Amino acid sequence: MKNKINPNNPSLTTLPILLKITTILFLFSVSIQWVKSQNTQSFQISDSLKNKTYKELYKGLNSNYNDPIKEKIYATAYLNKAKNENDTIRIANAYSQFVSINNSKIAIKYCDSIIDLTKTLDHFEYPGYGYMIKGILSFNLGENEKALDNYLIAQKLSQKHNNIEQLLYIKNAIGDLKNLWGNYQEALDSFKSILRILELQNENKFQNHNRLYLRTLYSISNSYIIGRKYDSAFMYSKKGITESLLKNDSASYYNFVSQTGGIAYYQNNFKMTLDSLDKALPYEKTSNGFLNDHYYRGQIFRKQHKDAKALYHFKKADSIYNASNDVVPEVRDIQEYFVDYYKKNSDIENQLIYIDRLIYVDSIIAHNYKNINETLIKKYDTPKLLSEKEKIITNLKAREKKSSFTIFSLITLVIIILMLFVWLFKKQRVLKERFNNILLKEKQETVSKKISEKPSKELSDISKKIVKSVLLSLKEFEVSNAFLDNNLTLNSLSKSFNTNSNYLSKIINFYKKQNFSSYISDLRIDYCIEHLKTNETFRKYSIKAIAFELGFNNAESFSKAFYKRTGLYPSNFIKEIENNIN
Numbered sequence: 031m032k033n034k035i036n037p038n039n040p041s042l043t044t045l046p047i048l049l050k051i052t053t054i055l056f057l058f059s060v061s062i063q064w065v066k067s068q069n070t071q072s073f074q075i076s077d078s079l080k081n082k083t084y085k086e087l088y089k090g091l092n093s094n095y096n097d098p099i100k101e102k103i104y105a106t107a108y109l110n111k112a113k114n115e116n117d118t119i120r121i122a123n124a125y126s127q128f129v130s131i132n133n134s135k136i137a138i139k140y141c142d143s144i145i146d147l148t149k150t151l152d153h154f155e156y157p158g159y160g161y162m163i164k165g166i167l168s169f170n171l172g173e174n175e176k177a178l179d180n181y182l183i184a185q186k187l188s189q190k191h192n193n194i195e196q197l198l199y200i201k202n203a204i205g206d207l208k209n210l211w212g213n214y215q216e217a218l219d220s221f222k223s224i225l226r227i228l229e230l231q232n233e234n235k236f237q238n239h240n241r242l243y244l245r246t247l248y249s250i251s252n253s254y255i256i257g258r259k260y261d262s263a264f265m266y267s268k269k270g271i272t273e274s275l276l277k278n279d280s281a282s283y284y285n286f287v288s289q290t291g292g293i294a295y296y297q298n299n300f301k302m303t304l305d306s307l308d309k310a311l312p313y314e315k316t317s318n319g320f321l322n323d324h325y326y327r328g329q330i331f332r333k334q335h336k337d338a339k340a341l342y343h344f345k346k347a348d349s350i351y352n353a354s355n356d357v358v359p360e361v362r363d364i365q366e367y368f369v370d371y372y373k374k375n376s377d378i379e380n381q382l383i384y385i386d387r388l389i390y391v392d393s394i395i396a397h398n399y400k401n402i403n404e405t406l407i408k409k410y411d412t413p414k415l416l417s418e419k420e421k422i423i424t425n426l427k428a429r430e431k432k433s434s435f436t437i438f439s440l441i442t443l444v445i446i447i448l449m450l451f452v453w454l455f456k457k458q459r460v461l462k463e464r465f466n467n468i469l470l471k472e473k474q475e476t477v478s479k480k481i482s483e484k485p486s487k488e489l490s491d492i493s494k495k496i497v498k499s500v501l502l503s504l505k506e507f508e509v510s511n512a513f514l515d516n517n518l519t520l521n522s523l524s525k526s527f528n529t530n531s532n533y534l535s536k537i538i539n540f541y542k543k544q545n546f547s548s549y550i551s552d553l554r555i556d557y558c559i560e561h562l563k564t565n566e567t568f569r570k571y572s573i574k575a576i577a578f579e580l581g582f583n584n585a586e587s588f589s590k591a592f593y594k595r596t597g598l599y600p601s602n603f604i605k606e607i608e609n610n611i612n
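So for the sequence shown, the numbering used here puts the first residue at 31; every next one is plus one.
The hints are all genuine.
Label pairs and their computed distance ranges (CB to CB): (1) Lys89 with Lys605: 47 to 55 Å; (2) Asp377 with Asn610: 45 to 53 Å; (3) His153 with Lys333: 50 to 58 Å; (4) Lys186 with Lys269: 31 to 39 Å; (5) Ser587 with Asn81: 50 to 58 Å.
Quick caveat, the hints were computed from the structure, so don't treat them as lab data. This structure is a prediction, so every number in the text was calculated from the model and none was measured. Glycine included, C-beta positions come from ideal geometry on N, C-alpha and C.
Start from the sequences, fold in the hints, and give me the full structure.
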């Protein structure tokens, strides 16, 4: 899919649909995908394939890339062979063959199965790869917060095994999320750092070096499109075409061809756009890709005042959206087109239908693309849509006799809204007071956070030398943020301090005035508060992702600890920070 930022018509500005095609390209380029078979019995391999090696079966799969039937036969043979030999790693590798056979909703279930299969392994690839692919599939489905959650888990596992290739893939995928959230320059910097690493490495260093290299070129071009730097975007897209041909990667080649057509559209080179779309269309496989093709054609014919052709392609694009129900920013333009079209043709019933659909699309976009409203210049914003909708409803009701029940209902609704507004206002004021108290409390605690060094009869059974050593270790422990380790226990910490858990517990209780559990929890919450105040990216994480980063086992325990410490839930605190910034 393609980006829709149009400098010549700001009312049609949108975020990039290119990110979806980027993800599809990634899915086809990744060599491992998890598919969990429900049949646990021994399988029989067909006579023509049962004696082939894994390498031969994999080669046969790749050579039949454009033949789904043969592709599935080879993938199944590979899986059967692995299951007959009860080889867990081979089974995991076999599941990867199904990536191009199943859609994202089915494939994401297979990811859960492969994670479950390999979760106890201490393996270079697994289960980190499963989490990474699940994140990509979630991104594909517009579930961006779930995508980030899985990327962060995969990142920790990859770092643990020093799997540089996986880390580069994850960094690239997180860059796609940054683009969607409006941080295109930050994403661009990440993509370029990946490209520099790949250009310094031998092509044989990573198994998927070439595909990751092409994906990164595509992502850089996409970021430049979002930033409206079309010359730079075109340069990287053309480089992608050249490299795709050199590396004999036809799927990437046609994706780059399609992308150059999109860039040409924003440069008002409509002939090049149509030529590129015509060239890439026969190799398009995704519903969003077909929607993108009709969208561009509709926009071009609309600008050329070829209304019949524009209507035809917008209807085709809208029918694809109705079938897939995948809300991408381009869908908003399509709904706007039909609102205008039916308004010009005085078809108020259909106009009302598309206004409702446009309001629905706005709500989905606002949820999935967090910062999109900062980068979109909408022809219709929600208040205007509601106003337009109200006018249409009024015109329709003018044909009928107004009833007292309708008037009473409207008055009741206004009263409810006013009451709700008052309630929300009071609630917001309470939250604001608690937020300010947190900031004040931080300042006060900074002053009083000194450790008492007066001798105590309670600690008379611990030598001063041990106490001093443990206190110094605790100070270093706090400064290094080692309390973020989710495997941290009193016993493990005491061992790292070269002391015993009884001594450590007594020292913490006396000098920190709290038990070990509360001490660790408060350190994590204080660390969280400081990062939420200063780190914009950290605030974009889901509550689950933040909890994981801080070392809590789940979002619920983190939220409870945060509330106990501050009197606010994390979501309320983040909202107050954003309000203050705005």
